[in-house]
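Whenever a hint applies, use it, and build me the whole structure from the sequences.
Under our numbering, the first residue of the sequence shown carries the number 666, and numbering increases by one thereafter.
The hints are all genuine.
Below, computed lysine-lysine pairings styled on PhoX-like, alpha-carbon distance capped at 20 Å: (1) K691 x K681; (2) K751 x K741; (3) K752 x K741; (4) K673 x K684; (5) K738 x K722; (6) K723 x K738; (7) K680 x K691; (8) K741 x K723; (9) K669 x K681; (10) K702 x K691.
Please keep in mind that the hints were generated in silico from the structure rather than gathered at the bench.
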Amino acid sequence: MGIKSFFKNAFSSMKKSAKAQHEVDKANFEAVKAESKANFEENRGSKTFAKAKADAKKNWDEAHMTPAQRNEKMQKEREQQIADAKKRTEEANKRIEQAKNSK
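Right, here's the structure in full:
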């Protein structure tokens, strides 16, 4: 096998590989495009300009919080989540008791 045939085979292999990768890239692009369109259609009409503007302001404000403010906000969110979880646990326990008593 000479140098000429070596390079011919190498470039042929690279060409096939590039074509295969191009097909993968096209398929991925089409998938992302379809997912984006689906997300858009699902949210059509639910996002108004005012809501988008409010969301942007919220994100801006959150990005410019001091660490102490951020920690305080996160603590409040954690406390709320704990309270919600306890409430759900209570409701589930009531349902368990009702199920036991009804049998």
